[in-house]
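Could you use the hints to bring the two separately framed chains together as a complex?
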Amino acid sequence: MATVASRVASAARTWRSTYRLSDYANFLFLVPATVFFVGWQIYPIIRVFVLSFTDYKYLERNPPNFVGLQNYINALNDPLFHVGMLRAFAFTVAFVPLTILIPLVLAVLIDRVTTPWLSSFYRIVLLIPAVIPGPLVFVLWKWLFDFQIGPVNTILVEWLGLFTRQTAPQWLGGTPLSLPAVVIMEVWWGLGYHTMFFLAGLAAIPKDLSEQARIDGANEWQLFWRVTVPRLLPILSILVVLRFGTAMSVIDEYLIFGGFQRTSPTYTWTVYMYDLAFRIGDWLQGYAAAIGWLGAAVMMVFVVGMLYVFRSRD
Amino acid sequence: MKIPHQTDPNGTRPTLTRRQMLRLLASGAATAAGGALLAACGGTAPATPPGSAPAQPASRPLTPTFYQWIVDLHPAIPQVNSSFEGLNFQIAPVQGFGIERFVAEAKNKESTWDVYVGMTPFVEMSQLIKADVIEPWDDYIPKDVLDDILPPIREECTVNGKLYSWPFLLDVIGMAWNSNLTDKAGITTVPTTWDEYLANAKQVVDSGAAPYGATYDARGWRSLAPFTHSMSTNVYTPEGLFDFTSEPAVEALILMKKIKDLANPDILNEGTTDGGVNNTPDEGAFAAQQVAYYTKYFNAPLRFAQTGGFSDKLRMAGLPRFANSQGGTVFWTTGACLFKYGQNKEKAVEYMRALTYNQQIWKDSIAGSPTAHPGQLPPYKSIYAEWEANKPDWMPSFVALVREQFERARAITNHPFGLTQFVIGKPYWEEYLTGKESDPRAALQKAKDAVAAEIAKAG
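If you read the protein sequences in the order shown, they are chains F and V. Residue 293 in this note's numbering sits at position 293 of the first sequence, with consecutive numbering throughout. Residue 1253 in this note's numbering sits at position 253 of the second sequence, with consecutive numbering throughout.
Okay, chain V solo, but in the shape it has when bound (with noise of 0.2 Å):
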């Protein structure tokens, strides 16, 4: 806007009368106060027709923005970037799983980045579809790397028969030992049901080896959720949601509650980073030795063995299961998402190609590298084909394991609620393992009681 002159009594210099200047204020909060008004009011942006944002020849160098602890315990990741010229690298803003700084971008039919790699589709892609952020990989990624995803895997990252997240780093639940503590406690077995399981945890703190026999981290999605599937992974209801009252997560509550009693006491609380997801008691108790045995994806008894400097007393094995069960855990990705209205497209397909093909990665990640050894796998076949055509010499013997063990889980289903009700219904549940509750299946109906009405209030 341009100012009004107005040339002062000494007609040496302009100046601004009151009445232009609070004409020139007014102007501007009118602006404002509008621009609240609309915003506030009809704040959403016209639903936007489905498929993909028009496209715009690219005005900057291929954007990709990963989730911080990728690059942590990925360190071949830059070896990748060097070969993308120009390539502008950055790390997403969204500490405890926050996703509204792309959500607010995508509102206003824009987006800084072209690809975010750190979307784990339970957690957060349904609410990155329904909100417009992403839109499917499909018009983008070559036939033969759809086809080599392990179907499992890439049913969990579609949705209404759209591929939304180019699946990277493969993460199952399964069990692990410190050999430490279980040889001093004279273990010699390997438990592969939750009865021997618990009675070997038993026998490490009856005989002095540890101060607690077992652990797990009490946030649902890895333990009430695995635990079930052990049972059976046939319960989720037709909407999506986990079936908290099914006889399967009922089993899964009462071994929580035996495994609590043998584990350290702080292994309900909440963890103190990331909104209380992770820094969880669990890890520290793992890797202070204080505990035998431990259950939660593979990579956490990995890393908090290096941690605790025992990786080579670490074992690990497939999560016990319920006697007369098929046996069953959860696995998840994490992958890749294309921003709706983000640019390199094509480009975003040769770097994710690259960077999940990498075999350097993949080494760093089951063999370790001296900064980390998330012992996360890949999610192709043919990666696993040439593997066994020609195994490395790095290859541990875990990778079969978690192999097999994959074979076995299920993933949570996708559903706007698929970690929250778990958040929600936590306080519920545990009310049965903290004794206030004595029946775990009131316990559990409080927790499905509770999720249906947070659904309700969001209408």
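This is chain F alone, in the form it adopts within the complex (with noise of 0.2 Å):
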């Protein structure tokens, strides 16, 4: 037996030392990451950023000329710009604190059902829109909101008879409802995501602090916010700037449901952007560039806010 156990270890000794790679070999590995990094991340992020300072125009044949800082002059004295900002953060501004606060709510009330096939079946529920991919959810969403056939309007104006055929809401196509109606789908679409953050929060929080508290007099309410909410912090953190990004740079979802009229609260600074780029004229690229760097630099100052108030104060 001692014999065999002996066999093993030295073939393995001598398999290490055949196979051992070098410490700086194993950099190797780091080869695709680093490539896949540099290509896909920084490499655009330079690209546009040198773009910025030129007058690139796609279509145009002749190389493009060196502007300095015009392009951001320009934005910055755009009205369309303002505005595209102004309508994003009108959308960020309602969606982020209704994305974090009521699977917040859920999962507290999940977190406190004692049926364990009770707790699965919530759980299973709320992750369905999760697991719906996007085009589906866009195409239910413009159905449930369609002004002629919308199950929405139909409980609106037949069954609640809050309005008639023609004074019923008009969601989709850029209307002022538009926004809101993104703002539905979009806290609806990541309600089942975000409760379970909340939930692997809460089930780190250890139980007996609850109990601790309870018999310290505390109510429901002051546990919560005393306990709960604090000790959920961290992840509460990394939602909100999580939220914030994409909430700032939303697209998809606007031109599905406002498309390019410039009028509509979708036509954010995101939108015009791709516009610029992609649509309009010669595809001014340069000027686009200046401002997505300009949008992305905004959001960066939030960002930073953000993790500064939600620091560790431990």
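In short, the hints are calculated from the structure, not lab data. Bear in mind that the values here come from a model prediction, so they are computed numbers and not experimental data. Be a bit skeptical, because a hint or two may be false.
[Unchecked claim] Taking lysine to any residue and the SDA-like style, the derived pairs with C-alpha atoms no more than 25 Å apart in a straight line are: (1) V/1107 to V/1088; (2) V/1457 to F/70; (3) V/1436 to V/1453; (4) V/1457 to F/69; (5) V/1109 to F/63; (6) V/1446 to F/86; (7) V/1457 to F/76; (8) V/1130 to F/48; (9) V/1130 to F/282; (10) V/1130 to V/1067; (11) V/1184 to V/1159; (12) V/1347 to V/1071; (13) V/1107 to F/278; (14) V/1313 to F/149; (15) V/1436 to F/176; (16) V/1257 to V/1449; (17) V/1457 to V/1245; (18) V/1457 to F/278; (19) V/1363 to V/1386; (20) V/1257 to F/148; (21) V/1130 to F/157; (22) V/1457 to V/1445; (23) V/1260 to F/62; (24) V/1109 to F/149; (25) V/1260 to V/1193; (26) V/1260 to F/166; (27) V/1184 to F/166; (28) V/1457 to F/176; (29) V/1260 to V/1437; (30) V/1436 to F/166; (31) F/142 to F/180; (32) V/1457 to F/74; (33) V/1257 to V/1247; (34) V/1381 to V/1151; (35) V/1109 to F/40; (36) V/1258 to V/1439; (37) F/142 to F/109; (38) V/1257 to V/1278.
Given below as structure tokens:
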């Protein structure tokens, strides 16, 4: 027995010494990730940055000229950029609190369900939207919000009698209600996903903390604000920062719900950037790049501010 | 690049030193960064002399690419394809008129495809020419085919004397109505003027036959332009832009407001596919039999009557005219362009000829197939001549109507802003339609100024 064991150990030593990689050669394994990172992250960022200082027009055959900060100056004086940023903020202000608070409350409620099968059922139901592919979600909500045949208007008009067919809400097509319609769809879509985040956070809170607080006379409200929320703060901060970034840079949903209509509340700075870069005239990609960088800079300022607000105070 | 090797201390296996590894990564990064800077600063290829790309032997089978809707509406296309052995048939990446992939490939002097079937001249032809993506058909198209194209269509497809679009499907803007609803309203006359049209539409609403009397597609090239043409087709500036402040355009806008008052309330909203261009509210209202009268290219009422299940009650006629005007409308063709850096150019000609002269395609288009009824017409004189000589038993009366309308129609002038001028101007002229601006001239002036500002921005 001892002989077999020593043979195995000896073979393992031989294998390790034969096939041991040099510490430096381990860098080789970083190459795929590095190539991907440089090619798909760093390169586009550099390229867009350089473009933003030129008058590059995609359909123009002549080489672009260096124009310094002119694109940035033009963008800062462009009313469409201003209003586009304001619209993106309007969406973000409506979307981020709802997409954080509703899942938080739901998670707390589900966390208290003590019947295992019922708890699992709730979780599965909530996760259904998260596993539906994006195009199907868009088709579903376009149908729900349809002015003529949509169930939402059918309920409002025929069941509740709140409107007539003529005065029924117009949710789609760049109307003032298009932005709230996108908010509703997005909150629904992310509900299960965000709830799971919070449920994971809740599972990490020691149960005796709550029990001790109850013994000390804390009511449920105080328990929620003084015990649960502070312990969920790291998850909360991650979600707020992530959702802020995605909310400010939404584009697909806007194009589907509002098209390229410039007066639509869904015509934000991202749609304007796309419009300039791929549709209008000679495709002003230098100018569009400057708008992209300005939008990104504004977002970065807010993200830094949020990271400061949510910083660890331990 | 060959990776330099070094034997490891045991002398058994080659390894890489940190210095070598870093050198390798640095050279890769420098190549990428250098490429980025070069591409960004001098990104465009040097100007290519005009003319065809150097002829190269074909290294692949003929590779046409189609806009998806054409394949959906014309089920006989596979029949044509089957007669071209090895044909590499593809669907184009052009959702919402996006041509960026074509342009990107042309910049690298290459093309995945040989011919694109789906180009509408006023929408994207000028841009494709400017970006050196396509080349004229003139060196390849047989003279008998060229001479067979209806003259206004040939003019539409020509820039600087060169034919850049091989026309395929003809669309003309006209009028349609649901006779279920007009019969209920007790209407027996076909409106030929806009005043009669409005009176009939009002009668539909007043009688309760339908909630709405009339509708249109609010995108300018489908309503403002054709309504303007119904008074005069001479409404383009010398640069080729639509003259928003011309008197016919003003009258057209006033008319649009009158129709809007009798229309489905969401009439001005954007569509929900293709960047707001398609799946528009008028289509839903007409298909749902909520509205009686409808003005759009003829294939729209044909398709949506089929969707709504009332094809037998669909009636069509020419676009009404303003009193004391000659009357006119808008037409456009959807055709094929030849990629400059594509291959198989002679084969592409053979294919386009087979496609555009295929009788089954035209029968399905005009008489309808189990899956679609687009009602789009051919662009060739000889096909009409043949039909006139031997009228097919499947030929419906609307073909003569569309032909008659076509004679009075004009295409929207080709220009890099041919389509986008209507997208840019729409919010401004709609201020009059929504009551925000009481003066139609002021609203249209704002639209004109907005387009001019955008053109100035483009330099």
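Structure-based check of each hint:
| no. | hint | in the structure |
| --- | --- | --- |
| 1 | V/1107 to V/1088 | 23 Å, holds |
| 2 | V/1457 to F/70 | 12 Å, holds |
| 3 | V/1436 to V/1453 | 22 Å, holds |
| 4 | V/1457 to F/69 | 16 Å, holds |
| 5 | V/1109 to F/63 | 16 Å, holds |
| 6 | V/1446 to F/86 | 23 Å, holds |
| 7 | V/1457 to F/76 | 14 Å, holds |
| 8 | V/1130 to F/48 | 23 Å, holds |
| 9 | V/1130 to F/282 | 9 Å, holds |
| 10 | V/1130 to V/1067 | 21 Å, holds |
| 11 | V/1184 to V/1159 | 49 Å, violated |
| 12 | V/1347 to V/1071 | 20 Å, holds |
| 13 | V/1107 to F/278 | 15 Å, holds |
| 14 | V/1313 to F/149 | 22 Å, holds |
| 15 | V/1436 to F/176 | 15 Å, holds |
| 16 | V/1257 to V/1449 | 21 Å, holds |
| 17 | V/1457 to V/1245 | 21 Å, holds |
| 18 | V/1457 to F/278 | 15 Å, holds |
| 19 | V/1363 to V/1386 | 13 Å, holds |
| 20 | V/1257 to F/148 | 21 Å, holds |
| 21 | V/1130 to F/157 | 51 Å, violated |
| 22 | V/1457 to V/1445 | 18 Å, holds |
| 23 | V/1260 to F/62 | 46 Å, violated |
| 24 | V/1109 to F/149 | 48 Å, violated |
| 25 | V/1260 to V/1193 | 17 Å, holds |
| 26 | V/1260 to F/166 | 12 Å, holds |
| 27 | V/1184 to F/166 | 21 Å, holds |
| 28 | V/1457 to F/176 | 28 Å, violated |
| 29 | V/1260 to V/1437 | 15 Å, holds |
| 30 | V/1436 to F/166 | 20 Å, holds |
| 31 | F/142 to F/180 | 13 Å, holds |
| 32 | V/1457 to F/74 | 10 Å, holds |
| 33 | V/1257 to V/1247 | 16 Å, holds |
| 34 | V/1381 to V/1151 | 9 Å, holds |
| 35 | V/1109 to F/40 | 23 Å, holds |
| 36 | V/1258 to V/1439 | 14 Å, holds |
| 37 | F/142 to F/109 | 31 Å, violated |
| 38 | V/1257 to V/1278 | 22 Å, holds |
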